[in-house]
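From just these sequences and the hints, can you work out the full model?
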Amino acid sequence: MNPIRYAACLLVLGLVAPAWAVNKCTDANGKVSFQDAPCVGEGEKIDVRPAIQGATPVRPAPSAGKEGAFGASWQRKQYLQTQGVPQARAALARNQQECTAQPAEATTQSGPLRRSTLPSGNQFPKDLAAAAAKDKAACDARSNELREQLRQLEEELSAL
11 MNPIRYAACL LVLGLVAPAW AVNKCTDANG KVSFQDAPCV GEGEKIDVRP
61 AIQGATPVRP APSAGKEGAF GASWQRKQYL QTQGVPQARA ALARNQQECT
111 AQPAEATTQS GPLRRSTLPS GNQFPKDLAA AAAKDKAACD ARSNELREQL
161 RQLEEELSAL
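The opening residue of the sequence shown carries number 11 in this note's numbering; numbering runs sequentially from there.
Among these hints, one or two may not hold up.
Capping the alpha-carbon separation at 27 Å, the derived lysine-lysine pairs in DSS-like fashion look like this [said to hold, decoys possible]:
#1 146 to 136
#2 55 to 41
#3 34 to 55
Label pairs and their computed distance ranges (CB to CB) [what the hints assert, rightly or not]:
#4 136 to 108: 22 to 30 Å
#5 44 to 87: 53 to 61 Å
#6 111 to 88: 30 to 38 Å
#7 111 to 157: 14 to 22 Å
#8 166 to 137: 14 to 22 Å
#9 14 to 95: 52 to 60 Å
#10 88 to 54: 56 to 64 Å
#11 97 to 14: 57 to 65 Å
#12 105 to 138: 41 to 49 Å
#13 107 to 143: 15 to 23 Å
#14 82 to 110: 16 to 24 Å
#15 83 to 144: 28 to 36 Å
#16 143 to 80: 27 to 35 Å
The set of hints was computed from the structure by calculation and includes no laboratory data.
For glycine and all other residues, C-beta sits at the position ideal for the given N, C-alpha and C.
Written out as C-alpha coordinates, the structure reads:
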(Lines of atoms letter the chains of each structure in order from A and count residues from 1; the text may use other names and numbers.)
(Lines give C-alpha, C1' and ligand atoms only; values in the text may rest on other atoms or scores of the structure.)
Protein backbone atom coordinates (compact mmCIF):
# COMPACT_ATOMS: atom_id res chain seq x y z
CA MET A 1 0.00 0.00 0.00
CA ASN A 2 1.21 3.48 -0.84
CA PRO A 3 2.45 5.47 2.24
CA ILE A 4 0.16 8.37 1.39
CA ARG A 5 -2.87 6.07 1.25
CA TYR A 6 -1.81 4.47 4.50
CA ALA A 7 -1.60 7.88 6.21
CA ALA A 8 -4.96 8.90 4.75
CA CYS A 9 -6.59 5.71 6.04
CA LEU A 10 -5.21 6.29 9.52
CA LEU A 11 -6.45 9.85 9.45
CA VAL A 12 -9.94 8.77 8.36
CA LEU A 13 -10.07 6.07 11.03
CA GLY A 14 -9.01 8.58 13.64
CA LEU A 15 -11.78 10.94 12.62
CA VAL A 16 -14.48 8.29 12.28
CA ALA A 17 -14.19 7.04 15.85
CA PRO A 18 -14.05 10.15 18.05
CA ALA A 19 -14.86 8.23 21.24
CA TRP A 20 -13.98 4.72 22.32
CA ALA A 21 -15.55 2.57 24.96
CA VAL A 22 -13.01 0.95 27.25
CA ASN A 23 -13.94 -1.49 29.97
CA LYS A 24 -11.99 -1.63 33.21
CA CYS A 25 -12.22 -5.22 34.39
CA THR A 26 -11.15 -6.71 37.70
CA ASP A 27 -10.60 -10.47 37.89
CA ALA A 28 -10.91 -12.80 40.91
CA ASN A 29 -7.30 -12.11 41.99
CA GLY A 30 -7.88 -8.32 41.99
CA LYS A 31 -5.87 -7.77 38.83
CA VAL A 32 -7.14 -4.81 36.76
CA SER A 33 -7.18 -4.96 32.98
CA PHE A 34 -8.57 -2.72 30.25
CA GLN A 35 -10.28 -4.20 27.18
CA ASP A 36 -12.73 -3.38 24.38
CA ALA A 37 -15.10 -6.24 25.13
CA PRO A 38 -17.47 -6.11 28.10
CA CYS A 39 -16.16 -7.58 31.33
CA VAL A 40 -17.07 -11.13 32.33
CA GLY A 41 -16.81 -10.48 36.05
CA GLU A 42 -16.70 -7.22 37.90
CA GLY A 43 -15.97 -4.04 35.90
CA GLU A 44 -16.98 -0.60 34.78
CA LYS A 45 -17.25 1.16 31.43
CA ILE A 46 -14.98 4.16 30.81
CA ASP A 47 -15.63 6.60 27.96
CA VAL A 48 -12.40 7.75 26.34
CA ARG A 49 -12.46 10.88 24.20
CA PRO A 50 -9.66 12.50 22.25
CA ALA A 51 -7.80 15.14 24.22
CA ILE A 52 -8.19 17.72 21.45
CA GLN A 53 -11.98 17.78 21.65
CA GLY A 54 -12.14 19.06 25.23
CA ALA A 55 -9.03 21.19 25.09
CA THR A 56 -9.41 24.94 25.12
CA PRO A 57 -7.17 26.93 22.82
CA VAL A 58 -4.34 28.71 24.55
CA ARG A 59 -4.08 32.38 23.68
CA PRO A 60 -0.60 33.65 23.08
CA ALA A 61 0.73 35.89 25.80
CA PRO A 62 0.65 39.55 24.80
CA SER A 63 4.09 40.73 23.89
CA ALA A 64 5.29 43.84 25.65
CA GLY A 65 4.69 46.99 23.61
CA LYS A 66 3.44 45.18 20.51
CA GLU A 67 -0.05 44.81 19.22
CA GLY A 68 -1.46 43.35 16.05
CA ALA A 69 -2.50 45.21 12.94
CA PHE A 70 -6.00 45.73 14.31
CA GLY A 71 -5.07 46.26 17.95
CA ALA A 72 -6.65 48.48 20.56
CA SER A 73 -5.01 51.71 19.36
CA TRP A 74 -6.14 51.11 15.78
CA GLN A 75 -9.69 50.40 16.96
CA ARG A 76 -9.73 53.53 19.11
CA LYS A 77 -8.43 55.65 16.21
CA GLN A 78 -11.11 54.26 13.90
CA TYR A 79 -13.79 54.96 16.50
CA LEU A 80 -12.61 58.53 17.00
CA GLN A 81 -12.43 59.20 13.25
CA THR A 82 -15.78 57.67 12.37
CA GLN A 83 -17.92 58.28 15.44
CA GLY A 84 -16.34 60.05 18.40
CA VAL A 85 -15.23 63.36 16.86
CA PRO A 86 -18.13 63.69 14.35
CA GLN A 87 -20.69 63.01 17.08
CA ALA A 88 -19.04 65.54 19.39
CA ARG A 89 -19.11 68.16 16.62
CA ALA A 90 -22.76 67.40 15.90
CA ALA A 91 -23.64 67.68 19.61
CA LEU A 92 -21.94 71.08 19.80
CA ALA A 93 -23.72 72.32 16.67
CA ARG A 94 -27.07 71.00 17.94
CA ASN A 95 -26.56 72.71 21.29
CA GLN A 96 -25.70 76.03 19.64
CA GLN A 97 -28.74 75.73 17.39
CA GLU A 98 -31.00 75.03 20.37
CA CYS A 99 -29.51 77.96 22.27
CA THR A 100 -30.24 80.38 19.43
CA ALA A 101 -33.79 79.04 19.00
CA GLN A 102 -34.56 79.11 22.74
CA PRO A 103 -34.99 82.90 23.28
CA ALA A 104 -37.36 83.23 20.34
CA GLU A 105 -39.37 80.26 21.57
CA ALA A 106 -39.62 81.69 25.09
CA THR A 107 -41.08 84.99 23.87
CA THR A 108 -43.63 83.38 21.56
CA GLN A 109 -44.85 80.64 23.90
CA SER A 110 -44.89 82.25 27.31
CA GLY A 111 -45.51 85.90 26.36
CA PRO A 112 -49.29 86.07 25.96
CA LEU A 113 -49.99 83.60 28.76
CA ARG A 114 -47.87 85.40 31.32
CA ARG A 115 -49.07 88.90 30.41
CA SER A 116 -52.62 88.04 31.28
CA THR A 117 -51.71 86.71 34.73
CA LEU A 118 -49.45 89.58 35.86
CA PRO A 119 -51.00 92.50 37.70
CA SER A 120 -48.59 95.05 36.24
CA GLY A 121 -47.03 95.15 32.80
CA ASN A 122 -43.61 96.25 34.16
CA GLN A 123 -42.75 92.92 35.74
CA PHE A 124 -42.95 90.84 32.57
CA PRO A 125 -39.84 92.28 30.82
CA LYS A 126 -37.81 91.85 34.01
CA ASP A 127 -38.85 88.21 34.41
CA LEU A 128 -38.26 87.56 30.75
CA ALA A 129 -34.80 89.15 30.87
CA ALA A 130 -33.86 87.17 34.00
CA ALA A 131 -35.05 83.91 32.45
CA ALA A 132 -33.22 84.69 29.21
CA ALA A 133 -30.00 85.45 31.11
CA LYS A 134 -30.34 82.21 33.07
CA ASP A 135 -30.96 80.20 29.87
CA LYS A 136 -28.04 81.90 28.10
CA ALA A 137 -25.71 81.07 30.99
CA ALA A 138 -26.83 77.44 30.95
CA CYS A 139 -26.36 77.27 27.16
CA ASP A 140 -22.91 78.83 27.40
CA ALA A 141 -21.87 76.39 30.13
CA ARG A 142 -23.08 73.43 28.09
CA SER A 143 -21.36 74.76 24.94
CA ASN A 144 -18.08 75.18 26.82
CA GLU A 145 -18.39 71.64 28.18
CA LEU A 146 -19.03 70.24 24.68
CA ARG A 147 -16.12 72.24 23.23
CA GLU A 148 -13.81 70.84 25.90
CA GLN A 149 -14.92 67.28 25.17
CA LEU A 150 -14.39 67.84 21.43
CA ARG A 151 -10.93 69.30 22.08
CA GLN A 152 -9.95 66.27 24.19
CA LEU A 153 -11.15 63.83 21.53
CA GLU A 154 -9.28 65.70 18.78
CA GLU A 155 -6.10 65.74 20.87
CA GLU A 156 -6.39 62.00 21.51
CA LEU A 157 -6.94 61.38 17.80
CA SER A 158 -3.91 63.43 16.82
CA ALA A 159 -1.80 61.55 19.39
CA LEU A 160 -2.77 58.22 17.80
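Each hint tested on the structure:
no.: 1; hint: 146 to 136; verdict: holds (15 Å)
no.: 2; hint: 55 to 41; verdict: holds (16 Å)
no.: 3; hint: 34 to 55; verdict: holds (6 Å)
no.: 4; hint: 136 to 108: 22 to 30 Å; verdict: holds (24 Å)
no.: 5; hint: 44 to 87: 53 to 61 Å; verdict: holds (59 Å)
no.: 6; hint: 111 to 88: 30 to 38 Å; verdict: holds (34 Å)
no.: 7; hint: 111 to 157: 14 to 22 Å; verdict: holds (19 Å)
no.: 8; hint: 166 to 137: 14 to 22 Å; verdict: violated (44 Å)
no.: 9; hint: 14 to 95: 52 to 60 Å; verdict: holds (58 Å)
no.: 10; hint: 88 to 54: 56 to 64 Å; verdict: holds (57 Å)
no.: 11; hint: 97 to 14: 57 to 65 Å; verdict: holds (59 Å)
no.: 12; hint: 105 to 138: 41 to 49 Å; verdict: violated (22 Å)
no.: 13; hint: 107 to 143: 15 to 23 Å; verdict: holds (20 Å)
no.: 14; hint: 82 to 110: 16 to 24 Å; verdict: violated (40 Å)
no.: 15; hint: 83 to 144: 28 to 36 Å; verdict: violated (43 Å)
no.: 16; hint: 143 to 80: 27 to 35 Å; verdict: violated (51 Å)
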